[in-house]
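Asker: Those letters in the sequence shown? Residues 1 to 88, per our numbering, in order.
Just so you know, the hints here were simulated from the structure itself, not pulled from any lab data. All values reported here derive from a predicted model rather than from experimental measurement. All C-beta atoms, glycine included, are put in the ideal place defined by N, C-alpha and C. Be careful, since some hints might not be right.
[As the list claims (entries may be wrong)] What follows is a list of derived Cβ distance ranges for each label pair:
#, residue 1, residue 2, range
1, 18, 74, 18 to 26 angstroms
2, 57, 4, 18 to 26 angstroms
3, 7, 85, 25 to 33 angstroms
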Amino acid sequence: MFGVVLTACMIVMAVCLLVGLGAVIATSDELSRAVMADLVFYAMVAIYLVWTLMNDTMIAYEVAILAALVCGTIPTLSMARIISRGRR
1 MFGVVLTACM IVMAVCLLVG LGAVIATSDE LSRAVMADLV FYAMVAIYLV WTLMNDTMIA
61 YEVAILAALV CGTIPTLSMA RIISRGRR
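With these hints in hand, go ahead and build the complete structure from the sequences.
Answerer: Set out below in structure tokens:
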């Protein structure tokens, strides 16, 4: 039963990921593209973390910690560069 719930969650997240990819392709605004790219990255990390609940891996927590670090710093820096149009 738990596997069915996790599979349903991964399907919902995959649909959200595909909608985000469609939004990245459809929009021409750089700021909107950056936000949607972050959404796609977060969805990929969430799908991986749900997948690790069903499958035993040796590095599941290390990947989660690395993704948390990357999710916190890189999107903030890229968003700041996009808003300021590359000026320092």
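Asker: Run every hint past the structure and note whether it holds.
Answerer: Taking the hints in turn, this is what the structure says about them:
1. The beta-carbon spacing between residue 18 and residue 74, approximately 23 angstroms, falls within the hinted interval of 18 to 26 angstroms.
2. A beta carbon spacing of about 21 angstroms between residue 57 and residue 4 agrees with the range 18 to 26 angstroms that was offered as a hint.
3. Here the CB-CB span from residue 7 to residue 85 is close to 43 angstroms, at odds with the stated 25 to 33 angstroms.
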